[in-house]
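Take a look at the letters that make up each chain.
There are 4 protein chains.
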Amino acid sequence: MPIDLLLNNGTIVTPDGEFRASVAVDGGKIVAIGSPYSMPPAERVLDLDGLHVLPGFVDAHVHMREPGMTYKEDFLSGTSAAAAGGVTTIFEMPNTLPLVTDEKVLLEKAALLQGKAYVDFCLYGLIVEDNLKELAGMAKAGAIGFKLLLAEVTGGVPRPSNGFIFESFKELAKIGLTVAVHAEDKNVTQYYMEKLKKVTQEPIAHCWARPPIAEEEGIQLLSLFASQAGNKVHLVHTSCGTDLIKAAKATGAKITAETCPQYLVFNEEDMRSKGAVLKINPPVRRREMVQKLVEAVNDGTIDTIGSDHAPHSVEEKTKESIWEASSGCIGVETMVPVMLTLVNRGLLSLSRLVEMGSENPAKIFGIYPKKGAILVGSDADFTIVDMKMEKTIKAEELHSKQKITPFDGFRVKGLPVYTIVRGEIVAERGEIISGPRGRFTKPPLNP
Amino acid sequence: MPIDLLLNNGTIVTPDGEFRASVAVDGGKIVAIGSPYSMPPAERVLDLDGLHVLPGFVDAHVHMREPGMTYKEDFLSGTSAAAAGGVTTIFEMPNTLPLVTDEKVLLEKAALLQGKAYVDFCLYGLIVEDNLKELAGMAKAGAIGFKLLLAEVTGGVPRPSNGFIFESFKELAKIGLTVAVHAEDKNVTQYYMEKLKKVTQEPIAHCWARPPIAEEEGIQLLSLFASQAGNKVHLVHTSCGTDLIKAAKATGAKITAETCPQYLVFNEEDMRSKGAVLKINPPVRRREMVQKLVEAVNDGTIDTIGSDHAPHSVEEKTKESIWEASSGCIGVETMVPVMLTLVNRGLLSLSRLVEMGSENPAKIFGIYPKKGAILVGSDADFTIVDMKMEKTIKAEELHSKQKITPFDGFRVKGLPVYTIVRGEIVAERGEIISGPRGRFTKPPLNP
Amino acid sequence: MPIDLLLNNGTIVTPDGEFRASVAVDGGKIVAIGSPYSMPPAERVLDLDGLHVLPGFVDAHVHMREPGMTYKEDFLSGTSAAAAGGVTTIFEMPNTLPLVTDEKVLLEKAALLQGKAYVDFCLYGLIVEDNLKELAGMAKAGAIGFKLLLAEVTGGVPRPSNGFIFESFKELAKIGLTVAVHAEDKNVTQYYMEKLKKVTQEPIAHCWARPPIAEEEGIQLLSLFASQAGNKVHLVHTSCGTDLIKAAKATGAKITAETCPQYLVFNEEDMRSKGAVLKINPPVRRREMVQKLVEAVNDGTIDTIGSDHAPHSVEEKTKESIWEASSGCIGVETMVPVMLTLVNRGLLSLSRLVEMGSENPAKIFGIYPKKGAILVGSDADFTIVDMKMEKTIKAEELHSKQKITPFDGFRVKGLPVYTIVRGEIVAERGEIISGPRGRFTKPPLNP
Amino acid sequence: MPIDLLLNNGTIVTPDGEFRASVAVDGGKIVAIGSPYSMPPAERVLDLDGLHVLPGFVDAHVHMREPGMTYKEDFLSGTSAAAAGGVTTIFEMPNTLPLVTDEKVLLEKAALLQGKAYVDFCLYGLIVEDNLKELAGMAKAGAIGFKLLLAEVTGGVPRPSNGFIFESFKELAKIGLTVAVHAEDKNVTQYYMEKLKKVTQEPIAHCWARPPIAEEEGIQLLSLFASQAGNKVHLVHTSCGTDLIKAAKATGAKITAETCPQYLVFNEEDMRSKGAVLKINPPVRRREMVQKLVEAVNDGTIDTIGSDHAPHSVEEKTKESIWEASSGCIGVETMVPVMLTLVNRGLLSLSRLVEMGSENPAKIFGIYPKKGAILVGSDADFTIVDMKMEKTIKAEELHSKQKITPFDGFRVKGLPVYTIVRGEIVAERGEIISGPRGRFTKPPLNP
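Residue numbers (our numbering), protein chains in the order written: chain Z, 1 to 447; chain B, 448 to 894; chain D, 895 to 1341; chain C, 1342 to 1788.
Incorrect hints may have been included.
Result set (EDC-like, lysine to aspartate or glutamate): computed pairs, CA atoms no more than 16 Å apart in a straight line [said to hold, decoys possible]:
| no. | chain 1 | residue 1 | chain 2 | residue 2 |
| --- | --- | --- | --- | --- |
| 1 | C | K1538 | C | E1665 |
| 2 | B | K645 | Z | D130 |
| 3 | B | K810 | C | E1656 |
| 4 | Z | K370 | D | D910 |
| 5 | B | K850 | B | E771 |
| 6 | B | K810 | C | E1665 |
| 7 | Z | K249 | D | D1024 |
| 8 | B | K642 | Z | E390 |
| 9 | B | K817 | C | E1359 |
| 10 | Z | K195 | B | E771 |
| 11 | B | K644 | B | E465 |
| 12 | Z | K274 | Z | D408 |
| 13 | D | K1148 | Z | D299 |
| 14 | D | K1257 | Z | D408 |
| 15 | C | K1754 | C | E1731 |
| 16 | Z | K195 | B | D521 |
| 17 | C | K1704 | B | D463 |
| 18 | B | K860 | B | E843 |
| 19 | B | K739 | B | E762 |
| 20 | D | K1064 | D | E1096 |
| 21 | B | K848 | B | D577 |
| 22 | D | K1092 | C | D1471 |
| 23 | B | K696 | C | D1640 |
| 24 | C | K1704 | B | D577 |
Calculated from the structure, these hints are not laboratory results.
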């Protein structure tokens, strides 16, 4: 009996290097990797000569806004953007409404999203002051990990106290799941923001209102707590402070860090031309700091790439005052093309991208090698890319509900050709060609 | 013409060691140090055979409560306690009422206290959210430095935001004065306190409500800010976190640290017997941490000794609930005898005590060698002690207005015999024998 | 057309974990990995149910003594021991006679050994004072790397000077190959040895004559030089000094480290029972240091496992005086069983063993993924093991020419069942079943 | 009865600052420090208005060559140079002939030098391979400390082995005395020297033959040993490697370091104009390294200044080949004027110079506060200087036997006016005005 699908003649890319091989897929799993002539007959054969076969990208950082803020994005639109952009698994953030702060809300959200996902998805629980006793329940319900913010949250939750954070870290050390943290500390930024609001409206002031020290302060705070509590902390959308991260890792603290394409591509000066469209938290940084971040991507200080896909309505993003415009931009659809472009520019290797975009997020959150690997027995998730294809990103062609992005007009080289989730081709050349059959994916019980 | 005073035959103690010599005093200054036979004739001669002559103690950490809370203590009673206890200069904290947050209040406080001091005194300014522009004015008015609290303040001021703190540090780097900081972070302690209040009233819970992590978090926060801003930070009443202090010093950050006798003498277990009388912030620590603190006193990580003299009414200190009792205890009169006792017990050397209790505070705050030294030209401030005299401290014999102290009943060996301020013998064997002629002492303009 | 060989139903072990899969082998290469039903028909099928399939062990540290000292061992006997013991690639040390110090000797040695190897082999060049200009030639001739000794060499070469070593490191940075170093410094040990020789003959004195400081001194010397020269240094048979290695790695120095089974199994006390049979350099260490070494194996400070197979004649090993007995013991045949036993004892995981015994040596010396991996396209080298099989090691049953080992009588649990080199089963259950068809393996020219 | 001498109206300089005061001297000791009007009558009064009174310089690093090489220098000529140059105590190196390697030689040398010294002197013992058992005897005989060389010694002693060095450090930890080490490792330099000798004769090649790595290697070797043995190590004539010293100090190793005026004034380029006259070991360094050394002088990484006064005959210093010329130059007479010049140039403060040139050497070797301090009870040793006086150094005017120096023609600003040893004015304005009454000075028995 023939197997389902044969990916023939592509170049397989792993964190350790590249090699030519075919991949046999059956029942949604990888059943064989090998030379074409050794492969079994298949119902369908894709000839991938000239293309690179990457393990499907795991974007551990998206806000799909459902339920509660579906005018910004919904799960169908958001996951179609993911699929079109070459992402096969997303980790959905918990600051939807109601906030995912207990087991019940998490289970309801999971139920609600069933049937609305074009790619596989995991769900974060949210840590808010005093929901310590809910964490185990959310873990039991299948949370992939937790989110914590030292910054203000879209949704208006107060920043938890440091005392509570330390206690929650001790609890997490027992549960075993990773906490993803927005390290930029509101306790620093609020002061600058209030001062600046009174004196300027220019977009670059957003950067001044959230200076590097706000993120650095948070990073060292979390490092101290993680080091004493023994839990796993994943710093999201890191834009600076990499020396502190390196030092914390050297002491044995279980610290990992994500950055996003926007921090590698843009810098403070771009605020002048792009205005609030590029308003993100943390803000883009000065040119020399971007360079330092690139070094940290290559020396292993930064572990993962995520999109921080954070949609807002066009109206919310184009307020006259930089202070009134919403923070965040879409990115799940552009992440892979932009990163492939950076690979083509020599900023990092394709193998390192696979490590950061696929293997590492899966490992850090405990779903490797089910996700994040091209290994026999792994889910047949692939991002198959053409490293030579070029294109100009156009906001209006994106699949997100709200079509506004700082990458509008950005020329990319390197594009996903097929997005395959558990053996099914979900997207081809940017078009969705299957139904929303993404699954809620839970980490093993004792990670 | 004979000089005013000759201190004959004593053993002079300096941070570098001890030597027998006489000291000649004239016009309030040290005019000569030397062998008795080389000394000029004097109006008065004290024969100090068998006694040690220390540079007068500089207690950089007292709360004399005037104006505004004179039922707890006033300047006359507080400075008489200082004089009786062998302290020749005090640095008065700024959380009196009104709070010393600008130049005008500082000048008024200085004027008010004139004529009420038995020892020389310096005044701190207080850093509160948003008084950035007042700092230079307070410096001009003669502030010895500033006080900042990450903890709640007696007087009810909110903890400043970290953003403001960082900006204030940059301003302090320009002004040049040192900021004394209570590093224990309310953002950590408040969580524990609220939890514990609901479940226990036992005194030791005060220690649990303010765990070491609260102080450590603050220490590393201040170290990061100081290191980036370049200002001088003096951590007061340090009870733990000495590894973090050592690390910060090694990076070149301008960090110094004080501890107090109570952190060296008492530990958590003593809460059981002493109850709220020993309620202080930070709290006393576990026995093994006390041992670590002693090591830090000897290896130079801790730089100074201060009393944190913080009087409250007997009623305030003896509330039934540990949570309602006031934090803080008196100490300016017992500091020197207790520390001399620790010297006699071998905990530290007499030279190290002189360095920590006299030379270092004067240097850190820029009034050395006017204060803190036995050098020709220095103020003739001396604490002349008998290392063999013994006594049991009795609360009711102390000079403070409110006579309640955890040291009640503590047996000391080593007592001040004469306290001399600018050549005048203010106290002899614990009794005040002069009028209140202490002066408001300002640091040089450009420290 | 059927492929050559199918390894069916085994559990594949990689550094990242284990999974059930079959492996298809054709033309000496891995052509497919996958579920049994997806595999092509094969000439021969091995059913490996219940067995673990490991990438073939790469023993980067053996002395086969040919040419020049074939009474101790020769290539046929030595490589048959390797094959019988589950090792598929060996790196032969260059202190054979003539010493491999230039291109010509290396090529002659390679030619001589052709046809005498049961497993694939690589050849080291030797760094001796003043052969700087020969290094590039040896690299061109196919050297896998170089060997350097701070200790005395079997063969009597003087320890090179530090000046020369530093210059050779700079040259190696250009060439790109790794230098394997015996870090124990003769400049330290010689002093102790001469003193002790005069006063004692007891075996444990061998440990005293080569104290940890000798190895630590060498490790930090090499770290400084590597850090300034920028070359790759591999510390062989590391027995201590792991804190120094960790620190060197943290600074970015290209330092890796090997240890050997004997340092994990034996300690100083065993010298009393085993005598000169256990005389090795560096010597076995005190029990608490062995524990520290185990930690370093698990936390990644130690990168690889090698055997340091160093045969001597029984006569040489059994001299009455510990000082006259030769240093070194055989080990290539016992390494895998002993390490599997340590896995069964919980000392390290099987995945970690694969990483240390196979992947890491191949990576460090630039022949990965040809060797050291179970990947499509890699050489079909496998060590297939039965983790449950038990046996007592008997010296007289070993394949080495000289049958004397400290592991005589050691009870192992976990044994190689098949040793497969490039698709050919060379040994089965400890018996050689093929001819000597091992190949001289060179690293790519620009590693 | 009047005292012997009164130093009136000068500015006293200490490591902590400067103050105007008079100093009363009687019986060779300081008996009083104070205001002029409080001073006793004196036989002799020096009015020092406009001059600075420094504690006498303690030059812990001179080679006076007697006995054995008195054609280079002798004790009378060498100590007259010291006195003329403002040095009041010298530490004489032990590589005179016979080498000072045991108690007997040390005592004989002490006896021989009695009556030949214009300044007070201390004697080093020499550590050579295998004189471990002589160290305690030399300490008992009054050695101020020991000298160890990783470099070749004038006198031809072989470099001790590292094993012996480590054992000697353990012995020194018991004895308590400090070992002064020439850290530049012959095991590094010899290689370069032999290579370069064959290809060049140009003076700058001397610098290439002794690259920084030779000194850095030695520094980290000694740091490791000192850190494990617990003894006190003083690195002499440090020219580089200050980052390693800083790191070693941070770990608590008892490491201190000296540099010399020649390393602060000259750089590699000067070899071209000065040739072998500037041949010293370690060699002068590149300009940017000199800058780094200046920073280390100011941040406390370098603790002391010494002259490394190392005379050779003019003939020995002016060989045609740089390789045949002797290493070392005179300096005891020019050290103070050159350093005062650097103070006038703003390179360091006068207080820092006093700390490095007087207080620190005395403290490190255990003779403080007898030497190195202006304190009541200290020896009345003073270097009284005029910071405004200028002069051009002329080799032919120096007091050394062999008049050849790289400082010939160097313009100084700042000169000693009086050199006073135990109350006696030995030199005035560069001229010797007393007899050779210097004393052999021993450290206290249990330092």
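Here is what the structure says about each hint:
no. : hint              : in the structure
1   : K1538/C / E1665/C : holds (10 Å)
2   : K645/B / D130/Z   : holds (14 Å)
3   : K810/B / E1656/C  : violated (53 Å)
4   : K370/Z / D910/D   : holds (12 Å)
5   : K850/B / E771/B   : violated (19 Å)
6   : K810/B / E1665/C  : violated (53 Å)
7   : K249/Z / D1024/D  : violated (41 Å)
8   : K642/B / E390/Z   : violated (59 Å)
9   : K817/B / E1359/C  : holds (12 Å)
10  : K195/Z / E771/B   : violated (37 Å)
11  : K644/B / E465/B   : violated (51 Å)
12  : K274/Z / D408/Z   : holds (10 Å)
13  : K1148/D / D299/Z  : holds (13 Å)
14  : K1257/D / D408/Z  : violated (42 Å)
15  : K1754/C / E1731/C : holds (4 Å)
16  : K195/Z / D521/B   : violated (39 Å)
17  : K1704/C / D463/B  : holds (10 Å)
18  : K860/B / E843/B   : violated (19 Å)
19  : K739/B / E762/B   : violated (34 Å)
20  : K1064/D / E1096/D : violated (42 Å)
21  : K848/B / D577/B   : violated (34 Å)
22  : K1092/D / D1471/C : holds (14 Å)
23  : K696/B / D1640/C  : holds (13 Å)
24  : K1704/C / D577/B  : violated (48 Å)
Of the numbered hints stated above, those contradicted by the structure are hints 3, 5, 6, 7, 8, 10, 11, 14, 16, 18, 19, 20, 21 and 24, listed in ascending order.
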